[in-house]
Amino acid sequence: MIGCGLMSDISEALSIAKGNTDSFGGISIIFAGDFSQLSPVGQKRLYSNLMRPGMTAETRPKQKVVFGKLLWLTFQTVVLLTESKRQSGPENFRFLALLGCLREGRCTDSDYYFHW
Numbered sequence: 001m002i003g004c005g006l007m008s009d010i011s012e013a014l015s016i017a018k019g020n021t022d023s024f025g026g027i028s029i030i031f032a033g034d035f036s037q038l039s040p041v042g043q044k045r046l047y048s049n050l051m052r053p054g055m056t057a058e059t060r061p062k063q064k065v066v067f068g069k070l071l072w073l074t075f076q077t078v079v080l081l082t083e084s085k086r087q088s089g090p091e092n093f094r095f096l097a098l099l100g101c102l103r104e105g106r107c108t109d110s111d112y113y114f115h116w
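Residue numbers for the sequence shown follow the UniProt record's numbering, beginning at 1 and rising by one.
In case anyone wonders, no lab produced these hints; they're calculated from the structure.
Cβ coordinates follow ideal geometry from the N, Cα and C atoms, glycine included.
Hints should not be assumed to be uniformly reliable.
As the list claims (entries may be wrong) - Derived CB-CB ranges, DEER-like:
id: 1; residue 1: Arg94; residue 2: Ala13; range: 41 to 47 Å
id: 2; residue 1: Pro61; residue 2: Thr21; range: 18 to 24 Å
id: 3; residue 1: Ser84; residue 2: Thr59; range: 18 to 24 Å
As the list claims (entries may be wrong) - DSSO-like cross-link-like pairs, simulated, lysine-lysine; straight-line CA separation at most 30 Å:
id: 4; residue 1: Lys62; residue 2: Lys18
id: 5; residue 1: Lys85; residue 2: Lys62
id: 6; residue 1: Lys18; residue 2: Lys44
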């Protein structure tokens with residue numbers, strides 16, 4: 001997962017490389033990822049709430065965070081993949097259910113004692 005600051009850096013680098021002041025240098029961007037992954041190290045998550053009492057954007061790093069968040073909010077097309085292809089088949093049904101519970105933080109005692 002990338003953070004808001006890195007999103008801003010990517011757009012800026014592409015704009016410079018393409019000689020185009022549009023976001024991401026005017027090229028099409030496709031992001032792929034998993035929002036259940038760990039947060040980006042040392043950065044604000046793209047889906048974090050930036051509006052907090054006392055929050056200011058008076059420094060360049062803080063401005064990059066705000067700009068990165070704004071860039072993320074400009075994306076209008078989202079495709080959600082809902083079917084696992086890597087662990088498909090009836091023999092993996094219980095394993096996939098376990099992965100879903102782990103991902104959402106709702107494991108039971110049964111999940112804890114599950115053996116593959």
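30 Å Cα cutoff - pair Lys62, Lys18: Within the cut-off at roughly 25 Å; holds.
Satisfaction of hint between Lys62 and Lys85, Cα-Cα up to 30 Å: Status violated; Cα separation ~39 Å.
Restraint status (C-alpha distance of Lys18 to Lys44 at most 30 Å): This hinted pair holds, its Cα atoms lying about 27 Å apart.
Whether the CB-CB distance between Pro61 and Thr21 falls inside 18 to 24 Å: Given range 18 to 24 Å: holds, Cβ gap about 21 Å.
Outcome of range test on Cβ distance (Arg94, Ala13; 41 to 47 Å): For Ala13 against Arg94, whose Cβ atoms are near 45 Å apart, the range 41 to 47 Å holds.
Range hint 18 to 24 Å (beta carbons of Ser84 and Thr59) holds or violated: 42 Å Cβ-Cβ, so the 18 to 24 Å window is violated.
When held up to the earlier numbered hints, the structure conflicts with 3, 5 and fits the remainder.
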